[in-house]
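Asks: Sequence:
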Amino acid sequence: MALTLVGRGSQLASTREQLRLLGATASCAPFHARMRQANLAPLQATGIRVFQINLGKFCNQTCRHCHVDAGPDRTEQMSEETARLCMRALAATDIPTVDITGGAPELNPNFRWLVEQSRSLGRHVMDRCNLSVLLLGPQRGVAEFLAHHRVEVVASLPYFRPEQTDAQRGEKVFDRSIEALRLLNQLGYGHEGSGLILNLVHNPVGAFLPARQDALQAQFQRELQRRHGVVFNRLYTITNMPIGRFLQFLVETGNYEGYMQRLANAFNPDAAQAVMCRDTISIGWDGTLYDCDFNQMLELRVGEPAPAHVRDFDPARLNARRIVTANHCYGCTAGAGSSCGGATV
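Just so we're aligned: the sequence shown equals residues 28 to 372 in my numbering.
Since the hints were made in silico from the structure, they are not lab data.
Glycine is no exception: its CB is placed at the ideal position from the N, C-alpha and C atoms.
Be careful, since some hints might not be right.
[Stated by the list, open to error] Listed next, with one range per pair, are the computed distances between beta-carbon atoms:
no.: 1; residue 1: ASP339; residue 2: ALA60; range: 30 to 40 angstroms
no.: 2; residue 1: HIS176; residue 2: ARG209; range: 19 to 29 angstroms
no.: 3; residue 1: GLY281; residue 2: PRO99; range: 26 to 36 angstroms
no.: 4; residue 1: ASN295; residue 2: PRO69; range: 17 to 27 angstroms
no.: 5; residue 1: GLU198; residue 2: ARG139; range: 21 to 31 angstroms
no.: 6; residue 1: ASP241; residue 2: ARG76; range: 33 to 43 angstroms
no.: 7; residue 1: ARG177; residue 2: ARG76; range: 10 to 20 angstroms
no.: 8; residue 1: SER106; residue 2: ARG344; range: 19 to 29 angstroms
no.: 9; residue 1: PRO69; residue 2: ASP297; range: 14 to 24 angstroms
Take these sequences, add in the hints, and give me the full structure.
Replies: In structure tokens form, the structure reads like this:
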């Protein structure tokens, strides 16, 4: 079968085209069938522990692996009205963690307000940061703001050498990332006992699964300390999901079928039981609700009986929902599993 994925200007193929390709995969059984064989279907939510807010697709970088298709030319941004709906929904719950992502979430004009409101409600806040954004002129002071509000920083750094990082994230991004990491370290981030958590995220630079998380963490800590004097708390390994720009890369390089087969062959029932969507709710930039950020990018909204929009947020109905799955879910269930918090088993 000849694989095609047609782009639209600077954007990628439509979500419908991506889902069509994922559904036509010849190299692996449908994900829902594999879940039935493992006696894990239907996949049910177990409650909400993480309130994930995606502030939009505007970003100062254009990363090769980005499942969001974010970049400087994207205009999708969460409005003040939707941000207020998010905080109204959060205030009516005891959900402990707010996970703020993007794009580059710091570029949204409501970012600081959302952090302040979430912290005033006593919630732990995480910022998914691309690091280089902290060095932009208009963003000067954001690092200090994060430290002041005790925000956990989850920072993308594909590798501890510049060649691999720049290949995935853009020229000279590694150097800017190291500069930003040193700034965070100076504020206390990553140092034991400071209470300022700095975690890094590693995505493989290519069509393969990540190595063992604990082994990579030890290697990253040793090499970043030795080469650059940088310290951090934990490393999260995340499998590249076959959606967005990474799906485009797989098709264009002839790696799509092989990668999907690799994911399916590594299907792990223990990882499938521990997928993040079971205790996460993902809110899109327009307020639409999804089981996870990956489903959000494929426009796979939460299923019945859950409400479709944050204005109608209802924890009881959301806790009872069935998780919506498709073949991209093999990415979170392969090997040691993959989630926004790294390996799951």
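Asks: Which earlier hints can't be squared with this structure?
Replies: The structure breaks only hint 6.
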